[in-house]
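S.K.: Got chain D; can you put chain Z on it based on the hints?
Number of protein chains: 2
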Amino acid sequence: MIPNTNYKNLKDSYLFYHIAQKTKAYLEQHPGAYLYRMGIGDVSLPLCDAVIQALHKAVDDQAVKASFHGYMPECGDPELRRTIAGYYKKRNADLSPEEVFISSGASDELGDILDLFGRDKKVMIMEPAYPAYVDANIIAGNTIIHIPSGEAEGFVPQPGERDRADVIYICSPNNPTGAVFSRERLKQWVDYANRTDAVLLFDAAYEAFIEDEDIPHSIFEIEGAKTCAIEICSLSKTAGFTGTRLGYTVIPRELERNGMRLNEMWIRNRTTKTNGVSYIIQKGGAAVFTEEGQKQVRERIQVYKKNAKVLMEALDRLGIWYCGGKNAPYIWMRCPGGMGSWEFFDYLLQEIQVVGTPGEGFGACGEGYFRFSTFGSPEDTKEAAERLVKLLG
Amino acid sequence: MIPNTNYKNLKDSYLFYHIAQKTKAYLEQHPGAYLYRMGIGDVSLPLCDAVIQALHKAVDDQAVKASFHGYMPECGDPELRRTIAGYYKKRNADLSPEEVFISSGASDELGDILDLFGRDKKVMIMEPAYPAYVDANIIAGNTIIHIPSGEAEGFVPQPGERDRADVIYICSPNNPTGAVFSRERLKQWVDYANRTDAVLLFDAAYEAFIEDEDIPHSIFEIEGAKTCAIEICSLSKTAGFTGTRLGYTVIPRELERNGMRLNEMWIRNRTTKTNGVSYIIQKGGAAVFTEEGQKQVRERIQVYKKNAKVLMEALDRLGIWYCGGKNAPYIWMRCPGGMGSWEFFDYLLQEIQVVGTPGEGFGACGEGYFRFSTFGSPEDTKEAAERLVKLLG
Chain D
1 MIPNTNYKNL KDSYLFYHIA QKTKAYLEQH PGAYLYRMGI GDVSLPLCDA
51 VIQALHKAVD DQAVKASFHG YMPECGDPEL RRTIAGYYKK RNADLSPEEV
101 FISSGASDEL GDILDLFGRD KKVMIMEPAY PAYVDANIIA GNTIIHIPSG
151 EAEGFVPQPG ERDRADVIYI CSPNNPTGAV FSRERLKQWV DYANRTDAVL
201 LFDAAYEAFI EDEDIPHSIF EIEGAKTCAI EICSLSKTAG FTGTRLGYTV
251 IPRELERNGM RLNEMWIRNR TTKTNGVSYI IQKGGAAVFT EEGQKQVRER
301 IQVYKKNAKV LMEALDRLGI WYCGGKNAPY IWMRCPGGMG SWEFFDYLLQ
351 EIQVVGTPGE GFGACGEGYF RFSTFGSPED TKEAAERLVK LLG
Chain Z
1 MIPNTNYKNL KDSYLFYHIA QKTKAYLEQH PGAYLYRMGI GDVSLPLCDA
51 VIQALHKAVD DQAVKASFHG YMPECGDPEL RRTIAGYYKK RNADLSPEEV
101 FISSGASDEL GDILDLFGRD KKVMIMEPAY PAYVDANIIA GNTIIHIPSG
151 EAEGFVPQPG ERDRADVIYI CSPNNPTGAV FSRERLKQWV DYANRTDAVL
201 LFDAAYEAFI EDEDIPHSIF EIEGAKTCAI EICSLSKTAG FTGTRLGYTV
251 IPRELERNGM RLNEMWIRNR TTKTNGVSYI IQKGGAAVFT EEGQKQVRER
301 IQVYKKNAKV LMEALDRLGI WYCGGKNAPY IWMRCPGGMG SWEFFDYLLQ
351 EIQVVGTPGE GFGACGEGYF RFSTFGSPED TKEAAERLVK LLG
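Residue numbers (full-length UniProt numbering), protein chains in the order written: chain D, 1 to 393; chain Z, 1 to 393.
Same shape as in the complex, but just chain D (with noise of 0.2 Å):
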């Protein structure tokens, strides 16, 4: 048996895995050392009190018998699909409850949603990306269309005349530059896709961290993208479900390709490779959704956004280019004095303990500049940025 070689292509590591290289062996070298962890995008604050007590009250019914629960529907709670299409309702997309589909968060999702599309597919990806969306599509040996972004456009890349693609991701709130599409900017690639019978896989982790109102939410307010786009989305960041893992995605009806309708292929899918997500962590996500945990998840919001703009004062202080941190939870500045990502983040480990990430692991055209997360406590974005301007300034 021959496995899978495509893994041979994946490049020799994962991003993430080198920075905990890297800070652990800096650990080893200086014991007792405080590090500013600003690299990962994982959050720090604890989760909101609306889901801690459904989650309670979950557990609790799977303690008796009578409020038990079993195996749960493949596709999601029919409760919380219902929840989730309403709250899409609010942003003008109009969405069935069947259109959406319950995961155990957008990383799990982004990975298994390439089934739909089979074999040898051209797949588009905008750069900087997470650097998932790349592995996932090496392990399907897909072939990558690499779409470089830079400052000139604002790392938004528009459509132009391309090799057609299959698949295009798009990202936005972007991770990891934390620039954002604009509606019109949006409406390109929807017809785009429409016209070049493209699907688009639209990640929208970040929509909650979205303040301007003109800059949409969601794929589905834009005309025309029923028939050509799938929705990822997750609870992670919207309410720190980082560790406690919820997501949904949306496909619509009327997305067809070769006759094919894809939220009928992923009914299937779902009901052939899963049993359901997790009947407490649903109860748990669906409480984010009422109006008291609107109002909790959106003032653990608030402390990210705090956080976002001490460090913009700091790089606006120190006259560094950067975009981002206004309407999503990272910032991605140009390294100082031309140096290399790689090269910035050893500095700033070295120099003042802070943790970022080279810029370069999202794709070759990101290297020179650099991301911050704005997931950190107050105090050590705080100290953080101090120690930046000090050492920068």
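Keep in mind that the hints were calculated from the coordinates and are not lab data.
Treat the hints with care, as some may be off.
Pairs involving identical chains hold if they fit within one copy or between any two copies, as the list cannot separate such chains.
Distance condition first, Cα-Cα at most 27 Å in a straight line; then the derived BS3-like pairs of lysine-lysine [to be verified]:
hint, residue 1, residue 2
1, K306, K390
2, K8, K122
3, K90, K187
4, K295, K90
5, K65, K326
6, K295, K65
7, K90, K326
8, K382, K90
9, K382, K326
All values derive from a computational prediction rather than experimental measurement.
M.R.: Chain Z only, in chain D's frame:
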């Protein structure tokens, strides 16, 4: 874009969906009727106290910053991996924690694991079989070598002169037949797999139901398995986790094909395509392996075993051939009077409101057989057994 056309090769509809449709139609025609549901293998007893307490504690951890957990390690909580490696040690299977991967359950993992094998594989499935084995491989575009089995061999096939397969599924204790593979039979398959360079996918989801001391709980009790086998297990049936979702997968370090270590490939797969399993659920799962947890889950298993006994006694009285029930939560009976399995399904539903699973749904050689799950309530099982005796006696 042409989607994955393999979906077109899937048969019309999924077995349990069909059953749900038929029972729904019955209830619409007979409002208020009570059904004795012994079809789907879903548990009916709530989670045990040790698990409930651990879940509550984990929820509390997520409520406070000092104990909050974000992203979990993609391959599982190291402590839980150690605990499960220890559980295997009691079965004389010597595994390291790094060979144990935590999953969201066996059905999820049985689908995902195909990612390791790449394209155009020949996959041997012993039938009757869990329908998802077949469907997941159809979606992946693999060729299926169906190995039918029957009463003569007690529904436990042996390797022989067969087409060479890349992957071989074994489920023991078996779903749907409840038959168990003896140590000698498993050794034959391990030797066969090593000789023919195949990988065994061993589904051990029902291991906790084994009574006979000489029946292996794990493929890794068999010499030579580490160079040919992957084991997929779950707490669904062991501890009533069907709606809570936790499982584990063992991929030995020694398992290599074509110079590629499958353990390393799976680490890369999980770090790319997941962000780990819910902290809360992993903590609940860990409680299953404590002394208290083991005692409590065994008490629950005894309840189901009593159900099995009640049904077996009824079939004995009726003089109907069956297997399973002793080391497995399923009983596999021959339909009386030469009835077809869907015919018998309709007969039981209409006459005595008992719902089972038609054997034909597990492969052509299941035609004429019928599966009872023993996961129902003792009251329902007793009543169903009495109705069976009355109807068929």
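S.K.: All hints, please: hold or fail.
M.R.: Evaluation of the provided hints:
1. For the homomeric pair K306 and K390, the shortest alpha-carbon distance inside one copy (20 Å) is at most 27 Å, but the shortest distance between copies (73 Å) is not.
2. Taking the closest pair of Cα atoms, K8 and K122 come within 27 Å of each other both inside a single copy (19 Å) and across two copies (22 Å).
3. Taking the closest pair of Cα atoms, K90 and K187 come within 27 Å of each other only inside a single copy of the chain (20 Å); across copies the shortest separation is 60 Å, beyond that limit.
4. Taking identical chains as interchangeable, the C-alpha atoms of K295 and K90 lie at most 27 Å apart only when both belong to the same chain, with a minimum of 15 Å there against 50 Å between chains.
5. Within a single copy, K65 and K326 get their C-alpha atoms only as close as 48 Å, which misses the 27 Å cut-off; across copies the closest is 25 Å, which meets it.
6. For a Cα distance limit of 27 Å, the shortest separation of K295 from K65 across copies, 19 Å, qualifies, whereas the shortest one inside one copy, 33 Å, does not.
7. Taking the shortest Cα distances, K90 and K326 sit within 27 Å of each other inside one copy (22 Å), while across copies they are farther apart (55 Å).
8. For the identical chains of this complex, K382 and K90 are neighbours neither inside a copy (35 Å) nor across copies (51 Å), given an alpha-carbon limit of 27 Å.
9. In this assembly of identical chains, the alpha carbons of K382 and K326 lie at most 27 Å apart only when taken from the same copy (17 Å versus 64 Å across copies).
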